[in-house]
Amino acid sequence: MSDNTEKPRNRLALWLPLAIFGGLFALFVHGLMRPADNNVPSTFVGNPLPQFDLPAAAADRPGLATSAFRTGKPRLLNVFASWCVPCAAEAPQLAALAQAGVDVEGVAIHDRPEDLARFLANNGNPYAAIGRDDKRVVQIAIGSSGVPETYVIDGQGVIRYQHIGDIRADDVPMLLGKLKEAASKGAGS
Amino acid sequence: MIAELGLAVLWMAAALAALQLVAGALALRPEGGQLGGLVRPVAVMQGVLVLIAFAALVWLFVTTDLSVKLVVENSHSAKPLIFKIAGTWGNHEGSMLLWVTIMAVAGAFVAVIERRLDERTLIATLGGQAFISLGFYAFLLFASNPFARLAQPAEEGQGLNPLLQDIGLAFHPPTLYVGYVGLSIAFSFAIGALITRNVGPAFARAMRPWVLGAWIFLTLGITAGSYWAYYTLGWGGWWFWDPVENASLMPWLAATALLHSVSVLQSRDALRAWTVMLGVLAFSMSMVGTFLVRSGILTSVHAFAVDPQRGAFILALLAIDIGGALALFTLRVSTVTEGARFSLLSREASLVFNNVMLCGILGIVLIGTLYPLMTEAYGVKVSVGPPYFNPVSAIFAFPMLVVMAIGPLLRWRRDRLTGDRAARVTWPLAVCAALALAVFVGVETLAHHITLLPALGLALASGLFPASFLPLVGRNLRRTPLPVWGMVVAHAGIAVSLFGMASESAFSVERLAALTIGESRDVGPWQVRLDGMMPVAGPNWTALQASVSTRYAGAAPTVLHPMAETFTNPPGTRNESALQTRWNGQLYVVLGEQAQDGRWQMRFWWKPFVPLIWAGGAMVGLGGLLALLGRVMSDLRRLIAKDKIAYRRTRQGR
Amino acid sequence: MNSETVRSPMIKPKHQRLVLVMLALAALVGAGLLAAWALSRQASYFYIPSEIAAHAPEQGRAIRLGGMVQKGSIKTMPDGITIHFTVTDGKAQVPVRFSGITPDLFVEGSGVVAEGRMEGATFVADNLLAKHDEKYVPREMKDMVSARSKQGMAQTK
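As they're listed, the protein sequences go chains A, B and C.
The opening residue of the first sequence carries number 1 in the numbering used here; numbering runs sequentially from there.
The opening residue of the second sequence carries number 1001 in the numbering used here; numbering runs sequentially from there.
The opening residue of the third sequence carries number 2001 in the numbering used here; numbering runs sequentially from there.
It is possible that some hints are incorrect.
To be verified - If you want the ones that stay clear, here's a sample from chain A, every Cβ over 12 angstroms from chain B, calculated:
| # | residue |
| --- | --- |
| 1 | S82 |
| 2 | A88 |
| 3 | Q99 |
| 4 | V102 |
| 5 | P113 |
| 6 | G155 |
Unchecked claim - DEER-style ranges, computed between Cβ atoms:
| # | chain 1 | residue 1 | chain 2 | residue 2 | range |
| --- | --- | --- | --- | --- | --- |
| 7 | C | G2030 | B | V1632 | 35 to 41 angstroms |
| 8 | C | D2079 | B | P1153 | 53 to 59 angstroms |
| 9 | A | A13 | B | A1433 | 31 to 37 angstroms |
| 10 | B | V1536 | A | A19 | 55 to 61 angstroms |
| 11 | B | P1153 | C | L2025 | 57 to 63 angstroms |
| 12 | C | R2061 | B | P1201 | 51 to 57 angstroms |
| 13 | B | M1533 | A | D134 | 21 to 27 angstroms |
| 14 | C | G2060 | B | R1421 | 50 to 56 angstroms |
| 15 | A | A19 | C | M2077 | 53 to 59 angstroms |
| 16 | B | W1011 | A | V45 | 33 to 39 angstroms |
| 17 | B | P1481 | C | G2060 | 52 to 58 angstroms |
| 18 | C | G2032 | A | V45 | 38 to 44 angstroms |
| 19 | C | P2095 | A | N47 | 18 to 24 angstroms |
Hint data in this document are derived by calculation from the structure and do not stem from the laboratory.
Glycine included, each C-beta is placed from N, C-alpha and C at the ideal position.
So that you can see chain A by itself, here it is in the shape it has in the complex (with noise of 0.2 angstroms):
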């Protein structure tokens, strides 16, 4: 308030802070709207299942083998826990790929009967056949890196696309796209 020469500079310097604010605004609005994926993706897509035979983990759905894959149809492999949080949140999604069609094939990771039967009685079982994996070994051996992920895998049993996390709303047209992709491709090799 005091020289009116030196009043404009100083105008200027004040506004300074509200623009490096706008600017960080606009860097977070960013950030948000591109989460950052520091996912590790499986370098086994394009390879076959490799081979494994698990046994069943539920009392009403039969284990799963490799061979289950092998049938000229393109399947879900979905590798979940009922201790997973996500993993319930992807149920009705799940549930939805099943009704329209798809074979769903479940992984179990290091579970326990008991928990898993009532996880299936409270979220749906959309699964044909569960696998029991305690030590991880076909999680390992498929490249996954934490539970949900679900693989699309074609007739031949060779693994199409990974999708890690849980499956959204909006991903089951995406999934089934690639399912679609996957017996086109199963079909032709």
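Given the coordinates of chain A, work out where chains B and C should sit on it, guided by the hints.
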């Protein structure tokens, strides 16, 4: 029932906050003057109601009510009681409720206690506080309701991240939160003063204890958090420049600057606009930190289960609160008249220098924390760690610490270093500087392997420690006011902490070894021997426990028990380190895995003087406490004096 | 120096505020420039093996390497704490050396992010961040992963 009660009370509190805002805004207009009387009681009531809501949530966790979603997701009936309670705020919803609770309770305190600030500014302040709170109420009630029920009660809870099942969790986050949110009071004061254009010593006097209080909690919270990371994570480090740590450091830097500029404003009526700006900045940093942690756009060990929608909500709050405050600042600050002037050699000038340096460090930390985010916009992934933060922040920190030694000795307004002042200021400081120089030369000649930064740190700390006591020289110690003691203790604490940091970085010895049972190793002056291995079990974990006997330079051996724990609910593992503390340092032992040949992997560190880091931090907090105590006592004394006068008057009147 | 301080007047009233603002601005802009300069040198970048094969980073510069631990490649040295293994992304391989306690779920075939530097053709890791999540998954809920990324930063000192 309790959950519904909590939710209902929370809604009522939100309504009161709305009332507080409207009444406050109307009271500032000439026609709404009568409404002013409403603001204080409403603020108090709001605080009480939120406290009830928070108590309700704690109760739900203590009783493990498995029909409440939050409890199911974050607790387990087999958990020890202390972790059930800590589980209340160890998750997103609960911690936001804690945030609002502290905010409202602090607002209520202001309403009850603050009597010296002019009424209009106080009403504007409480209105501002209500405005910020309302945003967080909306966030809680619409986007993260902690009291939501499950359609069907679960049979068992899902537990708590094993890394977080630690006594540190019970006290660390709430301490930091009091600090973060306490700064919201400073923010509201700054807004109130901008609205009424009343920036002056009275405003500074009202604001200072709140800044001081928040700053004490931040200091202690950061110190405790650093120690927690040090002993729980088992990685031997005490500061990782992790985004969450930076999120707590940035408000502390801003609050430290604010604390000093507020005292200039209070005693000298200078730095008006700058103080207001720092008041806005300090709480802004708290909110930016909260956003960074909660939105998940940066990863960190403490991250809560986040989702982008919540991030968007916090970002919106951030934009409204900070953007609004900065816009208000820009528009109003030119009408804040300039304060008193001072010369380049004066206590004010030294405080300005420290303020600018603190803000420089703040900028360095902020840019470093956000850099991965910036490069990710271009698709490049980077991580920024100590190689950046340590030297670059030291460039600003070291000059600042030098001035910290000089500043308290200078006079307000204008000083000189000749004549009688030379004996009082120049010579004592020269002695301290010579001491620092001697230590530096000694370190450089005796230990060549020590890098420049720790060597400088050791030298600076040894000069700084005696220098911080110089303000007491020539004073009658029993009549020295408590705030001066507080300053001396806090500055000495900085020196102590710096010495610990530099020593840890300069002299640490690390040994990795695969040991068979009965085998021993040398770690610096220590001899360690693996005596045996034993399985142990806790309430919700099992563990392998090693017995390691340690001897310091031939003294009697002591036995340490590092553990590798396995948790069942949820599954997970944690390495519990074992520490052996001596006056001159700590031995740190971590148990790893068993190798194929049956040997046990172990990791040892000998860290000379490392406890000084946290001892110094505690001293800084204690210094703050002394200053606050001095203020509270002088307020009390004044109140009592006032009562006496009033009493005498009534007697005389009779 | 002495005579100057004695004589030095208070700054001219008119200019004090301006001088203060300018000094503060200069310091803060300086901090920003310094930060930008240091970051361009000190930030550690993320590589996958095929990127290292195509365009090797400077020797000794701090980087992070991500990929899968190749099957059958983990070999423990006689000292019991140094291991050698190979990280692959399916297209290229990088040999890695690491001394220390490995994360719980560091096994062949698992994903790993190693922090360290290239020494010759070998990547010397200061630290391993194994990718495994229990309750939390990557993207939205990647807490457990970052617990180890913190460990990573601890050891790049």
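To see whether the hints hold, each was checked on the structure:
no.: 1; hint: S82; in the structure: 10 angstroms, violated
no.: 2; hint: A88; in the structure: 10 angstroms, violated
no.: 3; hint: Q99; in the structure: 21 angstroms, holds
no.: 4; hint: V102; in the structure: 26 angstroms, holds
no.: 5; hint: P113; in the structure: 15 angstroms, holds
no.: 6; hint: G155; in the structure: 35 angstroms, holds
no.: 7; hint: C:G2030 / B:V1632: 35 to 41 angstroms; in the structure: 40 angstroms, holds
no.: 8; hint: C:D2079 / B:P1153: 53 to 59 angstroms; in the structure: 54 angstroms, holds
no.: 9; hint: A:A13 / B:A1433: 31 to 37 angstroms; in the structure: 36 angstroms, holds
no.: 10; hint: B:V1536 / A:A19: 55 to 61 angstroms; in the structure: 58 angstroms, holds
no.: 11; hint: B:P1153 / C:L2025: 57 to 63 angstroms; in the structure: 60 angstroms, holds
no.: 12; hint: C:R2061 / B:P1201: 51 to 57 angstroms; in the structure: 53 angstroms, holds
no.: 13; hint: B:M1533 / A:D134: 21 to 27 angstroms; in the structure: 25 angstroms, holds
no.: 14; hint: C:G2060 / B:R1421: 50 to 56 angstroms; in the structure: 51 angstroms, holds
no.: 15; hint: A:A19 / C:M2077: 53 to 59 angstroms; in the structure: 56 angstroms, holds
no.: 16; hint: B:W1011 / A:V45: 33 to 39 angstroms; in the structure: 50 angstroms, violated
no.: 17; hint: B:P1481 / C:G2060: 52 to 58 angstroms; in the structure: 55 angstroms, holds
no.: 18; hint: C:G2032 / A:V45: 38 to 44 angstroms; in the structure: 43 angstroms, holds
no.: 19; hint: C:P2095 / A:N47: 18 to 24 angstroms; in the structure: 22 angstroms, holds
Of the numbered hints given earlier, the model fails hints 1, 2 and 16; all others are met.
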